[in-house]
Amino acid sequence: MLRILKFIYRVRAFLLFAFLEFLAIWMIVSNNSPQGAAYFNSSTELVGNALKKQADVVEFFSLVDANAALVEENASLKQELLRLQVKPDSRSIAIDSTLKATFELKGARVVANSLRFSQNYLTLYKGSKDGIKPGMGIFNAQGVVGRVKSVSENYSVAFSVLNTNLLISAKIKSSDVFGSVQWDGRNTSEVQLLYVPRHVKASKGDTVITSGFNAVFPEGILIGKISKVEVNKADPNYLALTVKLSTDFSKLTYVYLVENTRFQELDSLYRQSDLTNEY
Amino acid sequence: MNIRNLFSSGFLILILGLVQILFLKNLAVFGYAFGFLYLLGLLILPSTIRTIPLMLIAFCTGFILDIFFETIGMHTAAATLFAFLKPTWLKIASPTGGFDEAEEPSLGQIGFGRYISYAFPLLFVYCLAFFTADQWGTGGFFEILIKSFFSALFTLLLTLVVQLLFFSRKRSIS
Chain A
1 MLRILKFIYR VRAFLLFAFL EFLAIWMIVS NNSPQGAAYF NSSTELVGNA LKKQADVVEF
61 FSLVDANAAL VEENASLKQE LLRLQVKPDS RSIAIDSTLK ATFELKGARV VANSLRFSQN
121 YLTLYKGSKD GIKPGMGIFN AQGVVGRVKS VSENYSVAFS VLNTNLLISA KIKSSDVFGS
181 VQWDGRNTSE VQLLYVPRHV KASKGDTVIT SGFNAVFPEG ILIGKISKVE VNKADPNYLA
241 LTVKLSTDFS KLTYVYLVEN TRFQELDSLY RQSDLTNEY
Chain B
1 MNIRNLFSSG FLILILGLVQ ILFLKNLAVF GYAFGFLYLL GLLILPSTIR TIPLMLIAFC
61 TGFILDIFFE TIGMHTAAAT LFAFLKPTWL KIASPTGGFD EAEEPSLGQI GFGRYISYAF
121 PLLFVYCLAF FTADQWGTGG FFEILIKSFF SALFTLLLTL VVQLLFFSRK RSIS
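Residue numbers (the working numbering), protein chains in the order written: chain A, 1 to 279; chain B, 1 to 174.
Hints are computed from structural coordinates only; laboratory data are not their basis.
Please note that the accuracy of each hint is not assured.
[Said to hold, decoys possible] Here are the simulated BS3-like cross-link-like pairs (lysine-lysine), alpha carbons at most 25 Å apart as the crow flies:
{"id": "1", "chain 1": "A", "residue 1": "Lys251", "chain 2": "B", "residue 2": "Lys25"}
{"id": "2", "chain 1": "A", "residue 1": "Lys6", "chain 2": "B", "residue 2": "Lys91"}
{"id": "3", "chain 1": "A", "residue 1": "Lys126", "chain 2": "B", "residue 2": "Lys25"}
{"id": "4", "chain 1": "A", "residue 1": "Lys244", "chain 2": "A", "residue 2": "Lys225"}
{"id": "5", "chain 1": "A", "residue 1": "Lys52", "chain 2": "B", "residue 2": "Lys25"}
{"id": "6", "chain 1": "A", "residue 1": "Lys233", "chain 2": "A", "residue 2": "Lys251"}
{"id": "7", "chain 1": "A", "residue 1": "Lys53", "chain 2": "B", "residue 2": "Lys25"}
{"id": "8", "chain 1": "A", "residue 1": "Lys173", "chain 2": "A", "residue 2": "Lys129"}
Let the sequences and hints guide you as you build the complete structure.
This is the structure in structure tokens:
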């Protein structure tokens, strides 16, 4: 017995090392599961505040760009508004409930963003207090940005599209063929469009948008343009499409969050029929 | 290791951690070389600190950094490995007869050549552990190797510059 204790005492450094490594790996694994609750992240009050202070300073230098983008978007919205304005010769009728808006939008500021790892996250300065919930989609005027992972009172942490764990349901605009967009962890301006069958004629320059199938994003939000068409080497039944992202992830300042008000209903329907909905 | 040394080491780690969080967060030279400057604080901790306290210090530092970087566990795991290997490697890489008791393995104290041969392998192992955790299942082994090599090189360069600029020859912090 004494010898065992002595032996344990002799290798105590290694045992502690093994224990700490185990702890760290457990943290990595529990943080990387898309649905798992993360206990420690930048949505913590203290960390969020520090990151916001940093963003305050850094953002000052990108105000010009942010303003230009807002003006541009304002212009396009104005144009849309003019188009939609009621003509004097029409009369309004009560529309069917299926046509009612099912998506609600909120704006938020990005206080932290990374793009150099293979699991990249954003921190947003808006939390449960402002009605942000896990699962909401994020986009900006340029295109899709990501999806909310977890929220605290004032901050929220989100998967960036540049996160190898995030899949987004997408389709090619011209042919309506759908697939999933996922990042392969290499180039920060390109993602892969997966599960597009080989018989589909996809060509360089085709626009890729969100499909609206997964209830996170409304249909038609821009993802990017196809930049390369190849046959998938691992599985020749599918095409390997490379999509050039329309969003510039190195310059994110303000984003929109979108919530599907019918998400609960859809989700319970899927569950009822034993379907697993990929997010 | 007296109380003054302890404070100056703690202060150094704090400052380097802040620099890491505020300035080096999104920096990656050519998308490959990351700078883990905060490791300098752990690298030049006096050789008298034993493995167990060293590992605990590294664990805490890595963990705090992870919270800010949103990379929970990755820096922690790599820094713990780094701290576990450091005393042993220091013993192997030290001249026959060992270092002086209170000596810090910093550039000013052990010289250019020996500093590089001491620091680079440790930094490389750190980067290897970090990128393996980061790219688990996604990137190829070759890519991890390239990233690790250039990151270790870049970090080494950063630590050299910082030591040349801010450290006086005799003491650790000017």
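Against the structure, the hints come out as follows:
1. Taking the CA atoms of Lys251/A and Lys25/B, the gap is near 15 Å; set against the 25 Å cutoff, the hint holds.
2. Distance check on the hinted pair: Lys6/A and Lys91/B sit about 24 Å apart at the alpha-carbon level, within 25 Å; holds.
3. The straight-line distance between the Cα atoms of Lys126/A and Lys25/B is roughly 22 Å, inside the 25 Å bound, and the hint therefore holds.
4. Distance check on the hinted pair: Lys244/A and Lys225/A sit about 5 Å apart at the alpha-carbon level, within 25 Å; holds.
5. A C-alpha spacing of about 14 Å is found between Lys52/A and Lys25/B, which places the hinted pair at or below 25 Å, so the restraint holds.
6. Note on Lys233/A and Lys251/A: the hinted pairing is violated, with a Cα-Cα distance of about 34 Å set against a maximum of 25 Å.
7. Among the hinted pairs, Lys53/A with Lys25/B is consistent with the structure: their alpha-carbon atoms are about 15 Å apart, no more than 25 Å.
8. A hinted pair counts as satisfied when its Cα atoms are at most 25 Å apart, and Lys173/A with Lys129/A does not qualify at roughly 36 Å.
In this structure, the earlier hints numbered 6 and 8 are contradicted, and the remaining ones agree with it.
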